[in-house]
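Student: Quick note, the sequences are listed as chains A and B, same order. Take 1 as the starting number for the first sequence in our numbering and just add one per residue. Take 1001 as the starting number for the second sequence in our numbering and just add one per residue.
Derived from the structure by calculation, the hints contain no laboratory data. Note that the structure is predicted; figures quoted are calculated from it, not measured. Glycine is no exception: its CB is placed at the ideal position from the N, C-alpha and C atoms. One thing to keep in mind: the hints can contain errors.
[Unchecked claim] Partial pick of chain B residues on the chain A-facing surface, computed with a CB cut under 7 Å: (1) G1003; (2) S1116; (3) G1122; (4) G1234; (5) K1235; (6) L1244.
2 protein chains.
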Amino acid sequence: MKGHIYVIGMGPGKRTGMTAEAAEAVNACDVIVGYTVYVELIRTSWPEKDFFTTPMRQEIARCRKCYEMAEAGKTVGLVCSGDAGIYGMAAPMLELQREYPEAEVTVIPGITAANSGAAVLGAPLNHDFCVISLSDLLTPWAVIERRIRCGVQGDFVMAIYNPSSRKRADYLRKAADIMLAAGAEPNRACGYVENIGREGTQAVTCTLAELREAKVNMFTTVYVGNSRSFIQGGKLITPRGYEL
Amino acid sequence: MKGHIYVIGMGPGKRTGMTAEAAEAVNACDVIVGYTVYVELIRTSWPEKDFFTTPMRQEIARCRKCYEMAEAGKTVGLVCSGDAGIYGMAAPMLELQREYPEAEVTVIPGITAANSGAAVLGAPLNHDFCVISLSDLLTPWAVIERRIRCGVQGDFVMAIYNPSSRKRADYLRKAADIMLAAGAEPNRACGYVENIGREGTQAVTCTLAELREAKVNMFTTVYVGNSRSFIQGGKLITPRGYEL
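Work the whole structure out from these sequences, hints included.
Tutor: This is the structure:
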């Protein structure tokens, strides 16, 4: 008998950010697989489960391990922060299914950082928006640059993931320069949120010119408003268009 | 004493799609406000609450009612399907706060249809994406058209909200024509999901040419892949870029 794999989005990183559906999926699993930090969060609430942790940068090995355990009859939960389908492991897991056609895979959605950070900051995504990762580990920078430019030209609100890392300390500044060159005004309403759903959550509103100078890290989610976004009472708001 | 307003995203429409945080916010409220259909969902689980329902198209009156009740000392929950900050009531509620500066407003995020539908369809949003509503009730069609074009030019995956209604039966076809004119291939991998999180959830994968002819309604969420998206085993997948 082949087992089932659940790819589970855990939301912003605290137990109460999970949906009941995600908790039910964890309940149904024999073994929980993931990065050490997320597995520890699960272990606190479900100490009786089996756990299998792998270090970062071994994503595909981790997916294969899930299939191997499923083929041995286990029900397996691969846990991801946020939503498993947004820069997460849902796609590679489903891609690999061609090698393991008998295992069943179910993706359980979770609240991704764009949404959980937006709620902290106000309502920046309340109109058409795009989500762009500045990580060029798996994506050529030229593609990222084109997307930033099209995001501005389309007057989308932009939610930026992975705005910085040790090796890419200046990427947010580079992204801001592309936005300015594409026509975004230096006083465009922006903001960023650190440690969403964790201790020390911090929300900052600022202009695009100030964002260019901001110190952010890989856990920061950055928001660049559209041409109608504004800051009011410390909140970043993109109007939906109602007459108030 | 002024009360507190929670703007609560309920997720895809079933009780298990809510987060624990959203359920805690409902617990904390004296009165729950919203469209009849979402209020009924809450009433099933929290029959002891007070409820205040308003018909559609009275969004701003509903927000003002929340502030009036908060000023009378009540803790008020405005419930929205999906995420309150994605085409929801978070922005107008926060905008109105300038008229009611003493009430406190907290936005509780929920899983928006882009994410919950994506999980049903596979992993279509597993790379940079944009979310566009085809409703021109509050947005000029020229703005929507430009965003669709920029979405294709940026090679974003696109999640389309409000793809159709009785008065706009041909909008998805118009959107598909803009995409094709902007360079998306007729065999671009696409899909759509109906009744996400409700009875009769249905996921369909298709090409962009087929999507152009699809019969969808205002509750359908539509996905147009990027140039690397593909359909495998009935799932719409946008690869993250890993070597498998």
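Student: For a quick check of understanding: which of the numbered hints are violated here, in increasing order?
Tutor: Numbers 1, 4, in rising order.
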